[in-house]
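Produce the complete structure using the sequences and hints provided.
Each chain is listed here by its residues.
Protein chains: 2
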Amino acid sequence: MKIYQESLTKMKQVVKNYTQQTSDFTIEQQVREIIENVRKRQDQALKEYELKFDQTAIENFAVPATEIQQALQKISPELRQALEHAKKNIVSFHEKELTSGFIDTAVPGIIRGQKVTPLQRVGIYVPGGTAAYPSTILMSALPAKIAGVDQVIMVTPPQKKGIAPAVLAAAAIAGVDAVYQVGGAQAIAALAYGTESIPAVNKIVGPGNIYVATAKKQVFGQVAIDMVAGPSEIGILADDTADAAELAADLLSQAEHDRRARPMLITDSLTLAQKVSQQVDQQLVNLPRRAIAQAAVEDRGFIAVMESVPEMFTLMNEVAPEHLEIQLADPSQYLSYIRNAGSVFLGRYASEPLGDYLAGPNHVLPTGGTAKFSSPLGVYDFVKKTSFIQFSKTALQADLSDITELARTEGLEAHARAVEQRFAAERKGK
Amino acid sequence: MKIYQESLTKMKQVVKNYTQQTSDFTIEQQVREIIENVRKRQDQALKEYELKFDQTAIENFAVPATEIQQALQKISPELRQALEHAKKNIVSFHEKELTSGFIDTAVPGIIRGQKVTPLQRVGIYVPGGTAAYPSTILMSALPAKIAGVDQVIMVTPPQKKGIAPAVLAAAAIAGVDAVYQVGGAQAIAALAYGTESIPAVNKIVGPGNIYVATAKKQVFGQVAIDMVAGPSEIGILADDTADAAELAADLLSQAEHDRRARPMLITDSLTLAQKVSQQVDQQLVNLPRRAIAQAAVEDRGFIAVMESVPEMFTLMNEVAPEHLEIQLADPSQYLSYIRNAGSVFLGRYASEPLGDYLAGPNHVLPTGGTAKFSSPLGVYDFVKKTSFIQFSKTALQADLSDITELARTEGLEAHARAVEQRFAAERKGK
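Residue numbers (my numbering), protein chains in the order written: chain A, 425 to 854; chain B, 425 to 854.
One should not assume that every hint holds.
Since the list can't tell identical chains apart, any single copy or any two copies may satisfy a pair.
[What the hints assert, rightly or not] As a list, the in silico PhoX-like pairs of lysine-lysine whose alpha-carbon atoms are at most 20 Å apart:
1. 569 x 539
2. 585 x 476
3. 539 x 520
4. 476 x 584
5. 520 x 569
6. 440 x 464
7. 511 x 498
8. 584 x 471
9. 436 x 426
These are computed hints drawn from the structure, not numbers from a lab.
Take a look at the structure:
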């Protein structure tokens, strides 16, 4: 891995160059066309696109409920146990994210409050082939279910041998209400606008390729979407108390996801930096996804050697990584230093894949620096708030002059008159 | 106003036609060009656009801090008092939206939690001219301040006579940290990417014209944005206990905003429907913004007469209005019937403009049906969450086999090895 020994200012620039995104205009055009076509021609358009892009003739998009339930018998008992264990931990963590509204009756005659309501229907996109991760189905569907969403539906591209039993089993365990075999931008269009077979949803979540991501961005506003996900990232902050082989293994765990994944180590120890770099090379040798991991390490990875722990945090907060490991002595004391990160792994035994699969916090996380303003996927993504007020006549009268002052300042006469109308009878002497 | 007496099914279709949005491809292209230009040429590009679009040569984008403070002296004492009163109520309401993280230590050896962190810098867009509403500045900036955002900056188009004192005074009262005179898509580009004069922000909020809205949509992902705002809406549910003149005044208060505003009344009384329609015509006559309000009423407004109160709510939940007035006898009993609405006004004295200006709940609200999945602007828009975990060696060991089972099922060998690496010494007999 490339090792930098530069000033904080210089490193901030290096990191910035890493995070710059580009958009692809040709893809945007293609996706726009697909969405318009699905909006107009619905199922017919979906069928044509599935034939074209997935070489599959689809009669019925809906996967029969019996097939979904049968998948639970097709997977190994070990996998089923692992999925159920993951579910248990995801549920117990996410239940703590539930919020209720509030009511404020502090002022006589005035009731003010906020009501929390689950979304009605939510769609989950699950990529096809080797990128179809059962764990992500649990991470996406369970928070929606905990939020109280009426109907959680899933779309996933058709597969030559049928949708993988592990995918359908995860859907069953997560309580997904319906599964449709359709993928790509056309699936996103169907979820946003609805077709004869597939109902329109209020929010679309889940990762996908560039076509899926572009489509999600384009339907944003018609429906809600989660953040447009980029390649996986791991940022490790370590001092020389850390084990180089363990750090290398954790860096590679994210590197194997994608050639564009970003494994990053920031340390105050040049010795550690060099050891980790050697370990990465060594562990790469017999990794099944070696080509992918090596490309990520070489093209996108880096090790930065900084002068102090505060500098290390300043740089890492600039990166705002999806996953952040704190492999420093006494790690939990640094929680307050963390400004921008999706999920934090404190100490030696919080290896990143533990969070991917089993610990319970969500693994759908902000990438590409978006942890500066985004949160992990959570129960809060599947509810929305509505405020409400009730005023007595006396309470409204007390506020009358300030309301009309503001309304007339803004040139909105009808606003002022609407409130005055409540006292029209009195003014006329009635 | 047009009065419908149709079945629920038919009315759902009518309402659907009302909400369909279209996007303008030409504007998208223009905006894309502006954003790219500002990204590359920064202040220079901003100056050229301000000359072109606002006919203003700008030397310094930043409005001097003294000018902002002096504005407080230039506005009338009545206006200042009204703004301070509004601030007080906005603050007391929004403080209830503050949330803290949590920590879960239920399982020995396992710490799981969530940390809440304010965004670092936020940008507020304030439209120019007659659409520059001081009240919106309070509604946008105060929740960010309460959330703990370090720096809240504001952009607004330059004005021939200088920026209105009411606008600058509102910025001062809300505690806005800096004001820049730049507008349109170029201002959004500057906030998203930063220029020599204007720092990049993490989130952009605030209403604007179609160029601003399109630009916000295009920079989404680079920064966070609030919902893309559409024309104002008011939906009123009323029975014949309601006062027709008051309902008409409330409908007109939203109609005067925009020719594309949507005043809507759903009732079970044809008599009331007819009276309200007459009142609307009558009150329109001497309204200063009559042309705008009349266009909204005629082109976009409707009255629907339904058979029952539950039918009225079903239809209104389909509309998902920005503002919802419940003008029914005993209004608060219906809170549970409301599924989709931005802000709810219960009873006769909760006239909608009370909420626009003074009650305290936010007036930046989801429009165009987006209340089905979006919330009012709030403190929660200016914070983000980070999860964290810490595991003991024993706790990780207990989960080891389930983690590796899931990792290998997903074909992610390096994930499995990263966790196993923690126990490598034992396995080698060390």
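Broken hints, by number: none
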